[in-house]
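Novice: Next come the chains, spelled out residue by residue.
There are 2 protein chains.
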Amino acid sequence: MSGLLSVIGLGPGSRDLLAPMALSRLASARAVVGYDRYMSLVDPALLQGKTLFSSPMKKEMERTAKAVEFALDGLDTVMVSSGDSGVYGMAGLVLEHLERENLLDAVELEVVPGIPALCAAAALLGAPLMHDFASISLSDLMTPLATIMKRVRCAVEGDFVIALYNPKSRKRGSYLQEALSIAAEHRGPDTPVGFVRNAYRPDQDVRVATLGSCDPAWADMLTIVIIGNSASRLAGGKILTPRGYFEKYA
Amino acid sequence: MSGLLSVIGLGPGSRDLLAPMALSRLASARAVVGYDRYMSLVDPALLQGKTLFSSPMKKEMERTAKAVEFALDGLDTVMVSSGDSGVYGMAGLVLEHLERENLLDAVELEVVPGIPALCAAAALLGAPLMHDFASISLSDLMTPLATIMKRVRCAVEGDFVIALYNPKSRKRGSYLQEALSIAAEHRGPDTPVGFVRNAYRPDQDVRVATLGSCDPAWADMLTIVIIGNSASRLAGGKILTPRGYFEKYA
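Note that the protein sequences, when read in sequence, are chains A and B. Just so you know, the working numbering puts 165 at position 165 of the first sequence, and the rest follows in order with no gaps. Just so you know, the working numbering puts 75 at position 75 of the second sequence, and the rest follows in order with no gaps.
Isolated chain A, as found in the complex (with noise of 0.2 Å):
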C-alpha cells in the first residue's frame, strides 16, 4: 500500500504562520521533499531521522517524481511548498505526474493549504486586497510574455487590484516596468504600490510606494509586487483598499 502524499505549505516560513496541519504531516512523514530553499525554512527537528530529498530550482520535475517514488514505496511522504502549495506551487505538478503515470488511483494525494505569499504581503502593507484582485506571475519561463502582458492589461482595464508574482530576474529585467507602465494608462501617479521581500522571515522589507514614486529597482525574484486599484489610497503609510462600506453606509 502506497504512503499519503501530502503537499504542504509553509506560508511565510515563520513557525508562527504555520498551519497546525502542515505541521503535523511534517511530524508524521517519513519522507520530506522540497526545493533546497524551502527545506532550510522547516525546523531541522522535524526532519531529523527521515528520507529527505532536496534539490535546487528548475528541478520541480525530479522532485514530483522523487516524491511520488517514496510514497510508492510505502511512506507517508511530504511535498514542501512555500507559500500555499496550491498557488504556483508544487500541488499541480504532482497531480499531473500521477495523471500521466496513470497513479490517480495507486496514490493518496492531499493538499494541505497555507498561507499564500500575496496574503502575506498584503497583511504587512495594510488592507490593498479588499476587493476584486488578478494575481499575475511575471515569470516567462513557461508562459509566453505576450500572454502575461495581456492578463495585465485585463486585469487593470478590469480594474482589479493586481498582486505579481516572481517580477524580475537576471533574464527579465524590464517586465516589472512594462506592467507598472500599463497601469499608468489606467490608474493616476497616487495609486498606491507595495513591495514585499521575504515577509515574516528575518530580512522582511517592505516598501510601500505610488505608481507615481515607486522604483522597479526595488524588486528582486522573491519579491511580491501588489498595484492598488482605481479607489485605493495611502492611509497612514499603509495601503487601503475601501470596500465601500463608508460610501454605503455613513
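Do not take every clue at face value.
Stated by the list, open to error - Some residues of chain A that are not near chain B, with every Cβ distance over 12 Å (derived):
id, residue
1, P12
2, H131
3, F160
4, G173
5, P242
Said to hold, decoys possible - Straight-line alpha carbon distances no greater than 27 Å define the calculated DSS-like cross-link-like pairs of lysine-lysine that follow:
id, chain 1, residue 1, chain 2, residue 2
6, B, K50, B, K66
7, A, K248, B, K150
8, A, K171, B, K248
9, A, K248, B, K171
10, B, K171, B, K150
11, A, K66, B, K248
12, B, K248, A, K58
13, A, K59, B, K248
14, B, K66, A, K248
15, B, K50, A, K248
16, A, K171, A, K150
17, A, K59, A, K171
18, A, K150, B, K59
19, A, K150, A, K66
As the list claims (entries may be wrong) - Reference listing, derived: stretches of chain A covered by chain B, where coverage requires no fewer than 3 residues with Cβ under 8 Å from a Cβ of chain B:
id, stretch
20, 27-33
21, 94-107
22, 111-117
23, 133-147
24, 183-194
Worth flagging that the hints you see were computed from the coordinates, not collected in a lab. The C-beta atom is built at its ideal place from N, Cα and C for all residues, glycine as well.
Once you've looked at the hints, dock chain B against the given chain A.
Specialist: Using the frame of chain A, we list chain B on its own:
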C-alpha cells in the same frame, strides 16, 4: 496607551488550519470582536473571561467602532474574520475607520494573515490555482452589478482561473448563472468548475463538474466557485490547471 488591535483570519475555521500567530493573539487578547457566525468558530476556552462583542451580518461598521473603542480603552483587542482578514475581510474597514477618525497614530493596528477561502477551496478541488487567477465577489451590496460583470468579462478575456466569492444570496439568484455563461462564451463545455461549501468544516461539500454540466443551484452564499482557465482539465475527479512543466521539460 491604547491596546494592540489585531485583525486576524481564522482560516477555514478548523483549529487545524489556524495559524499559531492568530491563536496567540486570541489567547492574549482582553477583548474579541466579530461577526456572530465567525465567533462561533473560535474555541470557547479562548473567549472565557474576555470582553466580547459580536453582531450579525451588515453590522460591520458597528463592530469596527467597538473594536477600536476597546483598543482605545487600553485592551489588546482581536477582530475576527474568517479566511484571511485581508481578503474581502475586516482589515480594510478597521484601517479606514482609523483613518476617518484620525486615529492612525493613536491605535496600533496589526493584520495577521490567514488561509483565505479560495486557497482552502482550491486544496479540496485539487490544483486549480496553478496559474494566474482572478478573485471576484458576486455580491452587489456595495459594487454595481455592471462593474462585477465587467470584471468577469475581463478575467475571462485574460484567461484567468476565476474564483467567485459570494456567488449567491436570496436577492441575487442569477448572477452566478450569468458569470458562468460569460465564461462559456470563451471556454469549452469541458472546462472544470468546482463548488466548495464550508471547506474543512463538519458539513463540507465539494463538487467538481464542468461548465457544461454544473448547476448554479449547487451554490449558496457560503460557497466558493472556481472556474478553470482554457488549459484546466479534470484529473481523477480533481481540477488540474497545468503550469506548463510537462510541455516544456517532458
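Novice: Just to be careful, I want the Cα atoms of K50/B and K248/A compared with a cutoff of 27 Å; is the pair within it?
Specialist: violated (32 Å)
Novice: Given the proposed pairing of K248/A with K150/B, does the C-alpha separation stay at or below 27 Å?
Specialist: Roughly 21 Å separates the two Cα atoms, so the pair holds.
Novice: For the pair supplied as a hint, K50/B and K66/B, is the alpha-carbon distance within the 27 Å limit?
Specialist: Cα-Cα ~14 Å, so holds.
Novice: Going straight from one Cα to the other, do K248/B and K58/A come out at no more than 27 Å?
Specialist: Holds, at roughly 11 Å.
Novice: For F160/A, is the shortest CB-to-CB distance to chain B above 12 Å, so the non-interface label stands?
Specialist: violated (6 Å)
Novice: Taking the shortest Cβ-to-Cβ distance between P12/A and chain B, state whether it exceeds 12 Å.
Specialist: violated (8 Å)
Novice: With a cut-off of 27 Å on the C-alpha distance, tell me whether K66/A and K248/B pass.
Specialist: holds (19 Å)
Novice: When you check the alpha-carbon spacing of K171/A and K150/A, does it fall within 27 Å?
Specialist: holds (20 Å)
Novice: In terms of Cβ atoms, is chain B entirely out of 12 Å range of P242/A?
Specialist: Non-interface label fails for P242/A: nearest chain B Cβ at 6 Å, not farther than 12 Å.
Novice: Run the distance test for K59/A versus K248/B: straight-line Cα separation, threshold 27 Å.
Specialist: holds (12 Å)
Novice: Does the stretch 133-147 of chain A contain three or more residues whose Cβ lies closer than 8 Å to a Cβ of chain B?
Specialist: holds (count 9)
Novice: Over 12 Å from every CB of chain B: does H131/A meet that, or does the non-interface label fail?
Specialist: At roughly 8 Å from the nearest Cβ of chain B, H131/A sits no farther out than 12 Å, so the non-interface label is violated.
Hints 1, 2, 3, 5, 15, 18, 19, 20, 24 from the list above are not met by this structure, while the remaining hints are.
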